[in-house]
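Engineer: Since chain A is already given, all that's left is putting chain B on it; use the hints.
As they're listed, the protein sequences go chains A and B. Residue numbers are given in the working numbering: position 127 of the first sequence equals residue 127, and the series is strictly consecutive. Residue numbers are given in the working numbering: position 243 of the second sequence equals residue 243, and the series is strictly consecutive.
Since the hints were derived computationally from the structure, they do not count as laboratory data. There's no promise every hint is true.
Here are the simulated DSSO-like cross-link-like pairs (lysine-lysine), alpha carbons at most 30 Å apart as the crow flies [as the list claims (entries may be wrong)]:
id	chain 1	residue 1	chain 2	residue 2
1	B	LYS257	A	LYS204
2	B	LYS2	A	LYS279
3	A	LYS89	B	LYS236
4	B	LYS106	B	LYS171
5	A	LYS102	A	LYS177
If you want a taste of the chain A side facing chain B, the calculated C-beta under 7 Å gives, among others [unchecked claim]:
id	residue
6	TYR63
7	GLY64
8	GLN73
In this text, a Cβ means the ideal position worked out from N, Cα and C, and glycines have one as well.
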Amino acid sequence: MNMQTTIAGVTFKNPVMTASGTFGSGMEYGEFVDLNQLGAVVTKGVANVPWPGNPTPRVAEVYGGMLNAIGLQNPGIDVFMDRDIPFLKQYDTKIIVNVCGKSVEDYVEVVEKLGDEPAVSMLEINVSCPNVTEGAIAFGQKADALYNITEEIKKHAKQPIIMKLSPNVTDITEMAKAAEAAGADALSLINTITGMKIDIHRRKFAIANKTGGMSGPAIKPVAVRMVYQAAHAVQIPIIGMGGIANAEDAIEFILAGASAVSIGAMNFVNPYTTIEVVKGIEDYMKRYNVENLTDLTGAVDV
Amino acid sequence: MKQKQTAVVASQRELAPMIYDMWIESDLAKDALPGQFLCVYTRNKSTLLPRPISICEVNEDKSALRIVYRIAGQGTAEFATYKAGEPVEILGTLGNGFNVEVAAGKKVFLMGGGIGVPPMLQLAKALNAVTAKENIQIVVGYRDNQTFLREDLEKYGQVYIATEDGSVGTKGNVMNAIEENALQADVIMACGPMPMLRAIKGYAENADIPAYISLEEHMACGVGACLGCVVKTKEKDHHSHVNNARICTDGPVFEAKEVDI
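This is chain A alone, in the form it adopts within the complex:
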């Protein structure tokens, strides 16, 4: 039985990854799970300089999920490369670095610095964070803007790039196609869905940023649908995510067309989710005599 999956020439020992922003750089959850057992650690977004993030409250609970507006607080690429990369290098897992920026130049600066680090297998380009006012989402909600930034980053990137798509668009296939046409090596989706919560007793927004990105099991059907649509629109591989809580959820994404999956908000609910999903996929493959995990990708009966 083979759980390996290959995306843009990079082979992962299994298809289970961490969703950016929910797992730091692995240090915190390394106390709970053996990082060697993960297909990849996808890091928290990192920019060219430190970002302070948004005011608090930054998180709120909603039915079956949560809202967040962290605002991409991060230490900047230099600290990240001195501290986080060496930490992750100790483990036998792939490193995917999530890159954020406010301008094309910001992204390019980070991408170029990471180009000198062979331990980083892939770059995930965050053009879909709904919680920062400049950059980021502006590149991810219009097909032509997405095309342009993808093309520009591709010129500078030494590693294969994954464009992380926003679900906050009318037609996900248009975005997927634009990224592919501009040279993206893979796609990841979905980022969080923009939401809002109001505290009726205090008559205030639950999140200081007013809006936040919704994640958690409540968004899973939306995510599965978008992965399915994107998988039928493009040829490049897809990393699926959005509310995955267990192996059954992960397999749904794979059957819908994902080559790999990421665990996000559920890490907060159960810090052992990632390794439980690895084990659960293995059990499923045994139960249904699936020889290669890759046989499951897009294998929903149509």
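Structural biologist: Relative to chain A, chain B alone:
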């Protein structure tokens, strides 16, 4: 050690209206420090995020933890229904806790307001190992005569009470109680609502004494990964270098002069 586990409710009772007192059998008690907290998870799958609740007390043989909490919403309302013998999902022990050594041989104020009172109990117990009981001045504030944990606290120090309605002790808040009783201390340790912590920060600056305050913020992970629960700090935080420390892991206890609250 940090671990998520299914522990067992040893007992539960209502201490005051909406205030519940739960003992949980767990080996996490072994390493628990005063001022640390647990994340408690609901069984209801629509309320997914953990509720951070401070550790009120650790039993003598360190086999059980006590939490005293207020029903503030759906999650805590569910916890209040748990009976002895039932499972309870917890993650712990979390946060840095109070450093009792800073109070060695000193006169100390332990200040708790409302649902910030519970962590003062284990702290008061621990302080008895490093300073004389008469040096431990426990100043606690409540809304009314529901002065929960008062008898427990009295075992470990001098207790001074303030109530908003004046029904017990000093009418007003903990600062009024200090003034009315003409109390003094060399160091302050506190937990309570933000206006109280701000007042304590100001008082400590004027008196030129250190104050260690336990902060609260909405959390998602409880372990320092999500960056949801930050507080502005004077110095660069060691995680992101942006003067935003994580309350769950760098705190919840901070020296008051280090944080902008």
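Engineer: Compare the structure with each hint and give your call.
Structural biologist: Here's how the hints hold up against the structure:
1. B:LYS257 with A:LYS204: Holds, at roughly 29 Å.
2. B:LYS2 with A:LYS279: 22 Å, holds
3. A:LYS89 with B:LYS236: This hinted pair holds, its Cα atoms lying about 26 Å apart.
4. B:LYS106 with B:LYS171: This hinted pair holds, its Cα atoms lying about 28 Å apart.
5. A:LYS102 with A:LYS177: 23 Å, holds
6. TYR63: 5 Å, holds
7. GLY64: Since the shortest Cβ distance to chain B is 5 Å, the answer is holds.
8. GLN73: 5 Å, holds
The earlier numbered hints are all upheld by this structure, with none contradicted.
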